[in-house]
Amino acid sequence: MTAPDVDVVVVGGGPAGACAAMVAARAGLDVVLLERGPFPGSKNMYGGVVYPRILDTLIPEWWLEAPVQRWVTRRSTMLLTETQAVTIDFRTEAWGAPPYNGATAYRPDWDHWLAGHAQAAGAQLITDTTVIGLIRDEHGAVVGVRTDRPDGDLRARVVIACDGVNSFLAKEAGLYEHTDAKHYTLGVKETLALPKETIDERFAVRDRHGVDIEIIGATGSVNGGGFLYTNLDTIAVGVVLKLPKLAAQAQRPEAIIAKMKQHPAIAPLVQGGELKEYSAHLIPEAGLTMMPKMVMDGMLVAGDAAALCLAAGIWLEGVNFAMASGMYAGEAAAEAVRGGDVTANGLQGYQRRLSDTFVLKDHRKLHRAPELVLSDRVQHLYPGMVANVVERMFRVDNPEPKPGLRRIVTQERQRAGVRRRDLLRDGWTGFRSFG
Amino acid sequence: MTDRTISFQERMDTAEFRVHPQAHIVVDGAVCADCSTRECVTACPANLFIPTSDGGLVFNYEQCFECGTCYMVCNREGAISWNYPEGGYGVVFRRT
Amino acid sequence: MSIVVCLKWVSHPGEPHDSRFSGMSHADQSALEFALQQAESTGATVTAITVGPPGAEKVLRDALACGAHHAVRIEGPTTTSGTDVATAIADHITDARWVWCGDYSLDRGAGSVPAFIAAHLNAQQALGIIHASIEGDAVHATRRLDGGRRELLEVTAPAVVSVEGATARLRRATLAAVRAAASATIPVVSATTPMHRAEFMVRPYRPRARVLPAPEGATALERLRVLTDAAAASAARGDTVRLEPADAAARIVRALREWGYLAH
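Chains as they are written, first to last, in my numbering: chain A, 1 to 435; chain B, 436 to 531; chain C, 532 to 795.
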């Protein structure tokens, strides 16, 4: 058997890969971090908000140096119909000061910065290099990767696959039982330039404070959601679309964004923004339902490659799950290499860490949420029903007296064609998921 | 450029693509020929798949976001072979 | 030292001062590829050289990864003038037989450095080459001329050759070479002569303003006629002459001086 070239090869320089490489290198291992783009983050795109709490342990006071656009101090959830909008709006000054909560950031900046910490820890970053396959021994254990460079094989004791949502490595290793388009959504967004002062005024924020708006009911007949985030002098506006629906509805993604931007509640916020960048990326949306096996002989899977993305309606998180799973993969790899056992058994520390922390606990708790949020009732019936209820509550119909709330709800439920049983069941699912 | 006035080409030109001479998407026209649903045509965010008047399908790979939507939505086994472009090539994002 | 390739660390035009979008231009990549091919066919060694700050070592490491045998960085700011860059390089490579360069840099684009190096080394020059083939210790090169014509050159050492970006495709470095190059020690030398900051414009070139005399004429109408009269077009400049290159250059300079575009 050929001797390994390095202890650990991390495939993919995104947040999962950078944290895995950082942790493994800090543990004294010989680590190579492979990135297929010209720099880490160059291929990466997301909605726009990162929750970096998990970095407290890796990079103390990370907020002093992280390439942040704005600190999210205001969160809104909007339910839209063609002509109505119901918005729940929350703001707190607490999230605008250390240790902060969420931040908007550009991934080409964020991932590049994070990979810099992996390099500082001693990991060797090699860019412009695509991994095209796994090297496996006669027992099927992963013993390295094959890159697209000449003489491109790199043998390692442990491979950590952080190769993103399409994870050809996890699929090649057979860790996904099956992949189904219905488990994925397509995220499409526009980065629009507006002067900082205009953004501050329109979104009622100041300094580096920013806004995170999640939108339901803005994607027409295609199940999904919308988002609108503020960067320093741009805004990110986009949609997340359920793949099979998108394909079936004959609606182009950019047309769905355009329609959302014309909504009376959205148009004044985005008006005049100059398109700086149009982008798209897939999202593993189905949580536990789709998750692959994450540990095998010689290999761990982390981040989007392991479908560790929380798309649960009011919680839309991914980068934090990537960073955490990468960190735990790095720890487990170091443990396994030191212990001399890099089989699935020796690498079980990874699975244990995932199970014991928010990474899998949040997914278990919210495992029904993704399906609920993307269900036809939540997507197409409830926004109108809720908006009509609110409209009638606040409408003054003198000389008619105000109707009771219960009567309005019943009437609007019937008008929307929602059966009472379904409403109760969805409410219960929501309560159990979110409660 | 406000969105009312920009063409799709202008939209795509806002992102940088380092184009490799060799395509990383390969479409088997024979498999596509009798596909009537053409999911890729609707779903590809970069609009790379273009139906032709004679019922065929042409595709471009140059301005690909490398998202994977096309092969995910495709219902025909073997119609779309899709790999990442050679290291260093393809899309380069800046403000995403 | 026999083959030298001069590389410049440049930023992407749209992203100045951002190391993520920096590297060598396609023209420099082509130059490097020719240098490597020539080394393979002649058994000589390739030295990659750059003038720049520590960040410029990125292009030298890329060259080492692709197969350059040595790399040298001459310390100097990215704003060093083209003449000083050429002097610093020429002083360091006095025994070079072949010098390969990109035809012009992405950021400044004057293309003067290869010419100055050739002058310093008293070497032949073949600049702005669009096709080259290496034939033993000679290079057959094609140069673009006016009117779609081509000039075929047989270049022999010592020579400076500058090539366009599409002339060759740089080979991919092996994984092991990339890893080795990343930790290679790159010698740094100081320039033998002082360096000056280049004075260059970051906007399109516009001729300096000239004082124009007021139009002659007793009445406003006459003056207006002088200003707008198409008949004045007879004074429009433009001469088509066929001259030998040296005479043509002199003629152009004289015309520019007469028209006031050159101060002296």
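A portion of the hints provided could be inaccurate.
[Said to hold, decoys possible] Subject to a maximum C-alpha distance of 20 Å in a straight line, what follows is the list of computed DMTMM-like cross-link-like pairs (lysine to aspartate or glutamate):
1. Lys293(A) / Glu512(B)
2. Lys171(A) / Glu512(B)
3. Lys182(A) / Glu512(B)
4. Lys196(A) / Glu172(A)
5. Lys276(A) / Asp615(C)
6. Lys276(A) / Glu451(B)
7. Lys276(A) / Asp549(C)
8. Lys276(A) / Glu512(B)
9. Lys402(A) / Glu412(A)
10. Lys259(A) / Glu82(A)
11. Lys293(A) / Glu412(A)
12. Lys259(A) / Glu512(B)
13. Lys589(C) / Asp549(C)
Just so you know, these hints were derived from the structure itself, not from any lab. The structure displayed is predicted, hence computed values, not measured ones.
Does the structure keep Lys259(A) and Glu82(A) at a Cα separation of 20 Å or less? holds, 10 Å
Hint check: Lys293(A) vs Glu412(A), CA-CA at most 20 Å. Holds or violated? violated, 45 Å
Is the hinted pair Lys276(A) and Asp615(C) satisfied, with a Cα-Cα distance of at most 20 Å? violated, 38 Å
Against the 20 Å threshold, does the CA-CA distance of Lys182(A) and Glu512(B) hold or violate the hint? holds, 17 Å
Could you grab the alpha-carbon distance between Lys259(A) and Glu512(B) and see if it respects the 20 Å cut-off? This hinted pair is violated, its Cα atoms lying about 33 Å apart.
Is Lys589(C) close enough to Asp549(C), meaning Cα to Cα at most 20 Å? holds, 13 Å
Starting from Lys276(A), check that the Cα of Glu512(B) is at most 20 Å away, please. violated, 37 Å
Regarding the pair Lys276(A) and Glu451(B), is the alpha-carbon distance no greater than 20 Å? Within the cut-off at roughly 11 Å; holds.
Agreement of Lys402(A) and Glu412(A) with the hint, judged by alpha carbon distance not exceeding 20 Å: holds, 15 Å
Mind checking the alpha carbons of Lys196(A) and Glu172(A) for me, to see if they're no more than 20 Å apart? violated, 46 Å
Hint consistency between Lys293(A) and Glu512(B) [alpha-carbon to alpha-carbon, up to 20 Å]: violated, 25 Å
Given pair status - Glu512(B), Lys171(A), alpha carbons within 20 Å: holds, 16 Å
Hints 1, 4, 5, 8, 11 and 12, counting from the list given before, are not met by this structure.
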